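Chains as they are written, first to last, in our numbering: chain A, 1 to 987; chain B, 1 to 434.
Hints should not be assumed to be uniformly reliable.
One side of the interface only, derived from the structure: several residues of chain B facing chain A at Cβ under 10 Å [what the hints assert, rightly or not]:
no., residue
1, Phe-37
2, Glu-45
3, Lys-194
4, Asn-195
5, Phe-204
6, Gly-208
7, Ser-211
8, Tyr-212
9, Ile-275
10, Gln-277
11, Val-310
Hints in this document: simulated from the structure, not taken from any laboratory.
All of these numbers come straight from a predicted model, not from anything done at the bench.
The beta-carbon is built from N, C-alpha and C at its ideal position, and this holds for glycine as well.
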Amino acid sequence: MKKSLFYVTALFLFLVASQFANAQNKTIVGKVTDATGAPVIGANIIVRQSTLGTTTDAEGEFRLSVPANAIITISYSGFKSQIIKAETFNGYLNLKLEEDVAHLDEIVVTGLATSVKRRNLANAVATISSKELNGVAPAQTFDAALEGKIPGAYINANTGAPGGGISVKLRGVTSVYGNTQPLYVVDGVFVDNSSTSGGLNVVTSALANGAPTSNANGGTQDNPSSRIADLRAEDIENVEILKGASAAAIYGSKAAGGVVLITTKRGKEGRTKISVSQDIGFIKVRKLLGVRQFNQARASSLSSDSATGVLLGQEFLAAQSKGQIYDYEKEVFGNTGFARNTLLSVSGGNNRTTFYFSAATKDEGGIVKNTGYKNSSLRLNVDHHINENIKIGVYTNYINSSADRGLTGNDNAGVSLGIALSSTPSFAQLHDSAGVFPNNPFAASNPLQTIALMTNNETVNRFITGLNIEATLQKSKSSVTKLIGKGGFDFYNLQTSAIFPSILQFQAINKGTSVAGFTSNLNVNYIFSLVNTFSPSDKLTFTTSAGITQETGDYNNVLNVATQLISGQTNINEGGALNGTQTRIKYLNGGIFVQEEANINDALTLTGGVRFDRSSNNGDVAKYYVYPKAGISWNLTRMDFMKGDFFDNLKIRAAYGQANNVPAYGSKFTAFNISNISGNSGLIVNQQQGQPDIKPERQIEFETGIDFSILKGRLGFEFTYYHKDIYDFLMQSNPPSSSGFTSAWANAGNLRNQGVELGLNARVVENRSVVWNTGINFWFNRSLVTKLTIPSVPQGSFGYVLGTFQIQQGKSATQILGLDGNGGVSRLGDAEPTFQVSSYNEITFFNKLSLRFLLHWKQGGQNINLTNLENDFGGTSADFDKVTNKLGVPDGIYRIMQVGTDAHEFVQTASYLRVREIGLYYSFTKLPVDYVKGIRIGVSLNNFITITKYRSYDPEVSNFGTGFSSGVDVDPYPATKRADFHISLDF
Amino acid sequence: MKKNIFIYTVFLLGLFSLLSSCKKDYGDLNSATVESFTANASASELNNLVSGTESGMRNNLALYLDDIGIIGREMYHFSGSEPRYVTDLLGGGGATLSNSNFYITNPWASRYTVVKNCNVLIEAATNSTLINASQKSGYLGFARTIKAYQLLMNLNLTYNDSIRIDVSDPNHLGPFVDYTDALAAISSLLDSAKNDLSTATISFTLAGFGSYGDASGLTKFNRALAARVAVYQGNWTAALSDLTQSFFNLTGNFNDGVFNVFGTGSGDQLNGFFIPQNQTGEVRVAHPSFETDIEAGDDRINKASLRDAVASLDGLSSDRDVWVYTSSTAPIPIIRNEELILIYAEANIQNNDLPDAVTAINKIREGHNLADYSGTFSQPALTTEMLNQRRFSLYCEGHRWLDLRRYNLLSELPLDRSGDQVWTEFPLPVSEQQ
């Protein structure tokens, strides 16, 4: 199949290449500048209805031969585009571009191969520019850099551990047990964003089923990082977010969670630019909870046995007299991690070939010793015009990343750092003498020993390569037809190693454990599309596209657990016992799509499209599922009756679309488990029932909105309302166990998300010395389970005693139920925030000094917080002895008394107001030597200021991973803050 | 323009036809599937199902023994991380048996998983064209026998709440039948298995069946189970007739029989009931009445070894570890000759054939270092004696609670704390009640 496609494509390219050449008879020369008169470098000068065009050079100048009657568009990202007619124009063109505060001229992708200006867009598509993403206070990983920047999203870090790990939910929860995360597309490549567990469950028993991994309910308690974190934010030009089916329908079966489209940087024609930047900074814990201040009586009260209590009291006095009272929380989480990041980029090109090259390396320590993150990456993007009709692009990226993530989070064996700390009082003696650590008598592990000796590493080697081919098959005055091919592959090798040497306290029985995971994953996808743009007049344009898509994935994970390790050895064959498991996932999704866009007078834009999709994961692999979409946008200010002065731009819009989410691989089969009895290997039916007729879950979204800008574009406003129904959501049901099965995948019901997104862009101040741009977004989402066909039972987390999620018809999908203190079970909260607000600001002084900051306010939304309870159980919480409750007992005791009668204490509101990023940058314009073209220095703070009443390390947490059960807080790796100094030089 | 449109149409049609040939179903890459086995299984695949069935019988077996042993006041299970062994199962602190807790949901589901495996084996063997008729009978006879045994174990737990018999179609499960009908169904299932085995050739290897792994051996095992079911039914004559076709031997080794066996091999299971002696934290200890009620000199006292230190939890304590299974690979009986001798005694008592009953009882007494029975020769007295011998002979093998329930004597069990209860039966798991 692939081979024949190649021939077909080659044949067409040949046909096309042997075509036509055009007469050109006028030369235009000019200069493009911004409002302050500074040259705009790399602005696009394009002749309408042709492929003619150029870009401005380093002085902002350009020269282009055009037909005498040409209409020329001059555009540059961030500025309003301008149109000039060649025939009305002679001599040198001095063109001043106005800044596009409301982003109306931004080009937004609407199809697999088509795009439209934002002023004509039917959807609310969020865009994050390079500067917003990475130019304020860079985060450690790409995924963390998205936080607070997408209106309509609920983004939550799973953990503060080095290397990231994040959950992104666009416009509410879109599934229950299916995938809730968006599809990430980098330069046309569908990249993998899975989380692969390193097998920590072997030592933590977080999920007590004896399996090496704790994958359940679509999440995992092992807190692996998300693979999207491998990407380098510095290489990214912009990010577009298609938030729901109405925008993403054309991506078909993987688009139900939304689509994040990432475009990396491209070279620009002209002088070769070399840029070197260096960041140096440090990382510290954002907040510590504090520890309990002990005295003899409190020490004694740690044991209910009076004799032991007396001994504990004496132990405390002895430690106190020797000055051996320690703050172990600070020793464990109080490390300062040093961070460095170096980036070299080279870009340039000529009129046929442009390139962007970057090499980058970073090395960052963690707030726990022996943890940290490293990432090195190489990127080469090349665009080349084979001739004036064929353009190809190759976008390659190699990434090597390594994360040492420590041992944190939920744990039933007393080994993770937080759980061990929770029962370790300050008078315990845990320090080593000459490398030999004493056992911790208060817990199953000595956290200082654990930190010093264990390893939990994820190392990734990854290649992502995107290919793009654009061939003009036919061109006439009114019609242009192109063949557009996009695709590529994403391949990575992931090695996880979790090593616990035999001398660790908790390895007394296993005598050393080494868990070695080897994962390889290959995703390949392509889109071939024919796009015809037909313009019968200059007031009417039809864009027709049709094509095929295919996506394949092949994931292979081998996890070897070796125990009884020979001292000092880590190889899995150096152990006395070895258990291996292998997991393979393979899929093929195929689609066919057709899309029609009509633009009438640049005012009315109509879009209609349909995609047919099938997947090897569906019960019926041959069946095509149909996903239609439609959109309309009407720009009233382009109409004669609205040509007033007040509205600079006014648009009303509506869009409708469907998308789906394929069932999990293997959910249609009833598998056998392997068994052994006295050497006879056997098969016994797995307790999960296969569903041969499993269907994808289907999402139908409608959104509508109004956008306007006033005051000559200085104030832009967007309002969006969306309504999306998810039909046949995927969930695991609990069939009667007399069937032999305890769980089964089911298309279990329907749910609905509705929400509102408001956006405001303004240039608050604009004068010669100060320019202040601000963007404010406000959004909220509400979900409702409209139908549930299986019995409602608690899902995930810890049951009613401590708070649990539960899907119930007529209730919010993310409600949290728990014991209400009156003998019943009531709704105690909801993971869904009441609303969120974020604001991005940039204030520029004298065009040299730039202050940028990002504020994020999340109001409402509850977490299930057990971190504090663990500390209460262990008698170590900082406020254990305070008395603020109605019973007059110590608060720690009071909270423990709530367990079993009232779960309010554990379902806590996780509101926060956070200055996520703040950065101050200065650009030098008078430079000492002429080969240096620019110097920029800056300082930035990330996550430094947070206002919250939430009682754990951070309100933003999700220890059960990216699945449905978000916001569970069980002794995570604490959240961090960072400060950086930046310097960059342009040559 | 027209020409171009024509070319594109051809081009697209070509691509679509290529695409439609790309439909794929990768199957399950990680494990064998039921769907593939029920089509036309080979003998080696059927043998895998047999071994899987035998292996699966061990899943949650320790919990089953806990359930019966704890409610029957044979033992306590003290666990630092699991209080429900001393609360719910004993009725401590006002706790009751819950329909969603592990002590019923887990063993219940494990037994029905084995039933499912037996049903898959029956379907696979029936559909297989790669085996001959007598081999087929062997697979069917084995599968039906084990299925009956697994159903009986769940019935033992839920008693009047009973069980479903027909569970072959997971999407259309049969009804719950009452206790008497359930026993009758199990009995007839055993009979049909016996019929299968009568013409069977056994082409599979079993692990815990010793010399009873061939067709005649499996028939004897089948009849031994049938005898157990018959006494549960009060069908004394049938019990005696079943015994004659089983491996019952009045003078034979008490431990002759069929067992769940354990091993240390990769993927094999350890005896989950075994805990080393003198542990703290997680222990299984004998109910104090075991020591006080046993006759002096009875060697069965060794089934509860004296501890170095008393173990206690939540107002309960004991100074003896349960020491029935003395290593992590010690086998757990499915049925053995000592029980058959006691069934022989019981059936004869109820048939008022007292001398034969006393002979059997004395075999047990002699075997355990006790003098012959010297009590009254009456049905009630001998019933008491028989139940007493069953108590010590079959200690922690999953019988005491069931025996007292059969004779309506649960009220005789000792209560250790005020508020403690002796439950008659487990509630049906929550998943069955929807």
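Checklist entry - Minimum Cβ distance from B:Tyr-212 to chain A below 10 Å? => result Since the shortest Cβ distance to chain A is 15 Å, the answer is violated.
Checklist entry - Holds or violated: is there a CB of chain A closer than 10 Å to the CB of B:Lys-194? => result The hint is violated - B:Lys-194 has no Cβ within 10 Å of chain A, the shortest such distance being about 24 Å.
Next on the checklist: A closest beta-carbon separation below 10 Å is what the hint needs, so does B:Asn-195 meet it against chain A?
Outcome noted: 25 Å, violated
Checklist entry - At a threshold of 10 Å, is the proposed contact between B:Phe-204 and chain A supported by beta-carbon distances? => result 9 Å, holds
Checklist entry - Taking the closest Cβ pair, is B:Val-310 under 10 Å from chain A? => result 15 Å, violated
Next on the checklist: Hint B:Ile-275 vs chain A: min CB-CB distance below 10 Å?
Outcome noted: 14 Å, violated
Next on the checklist: Quick check on B:Phe-37 please, does its C-beta sit within 10 Å of some C-beta on chain A?
Outcome noted: 8 Å, holds
Item to check | Interface restraint verdict for B:Gln-277 against chain A (beta-carbon cut-off 10 Å) | outcome: Result: violated, 18 Å to nearest chain A Cβ.
Next on the checklist: Quick check on the hint: B:Gly-208 CB to chain A CB, less than 10 Å?
Outcome noted: 8 Å, holds
Checklist entry - Once the shortest beta carbon distance from B:Ser-211 to chain A is found, is it less than 10 Å? => result 15 Å, violated
Checklist entry - Close enough to count: is the Cβ of B:Glu-45 nearer than 10 Å to one in chain A? => result At about 8 Å, which falls below the 10 Å cut-off, the nearest Cβ of chain A leaves the hint on B:Glu-45 intact, so it holds.
Going through the hint list in order, the structure does not satisfy hints 3, 4, 7, 8, 9, 10, 11.
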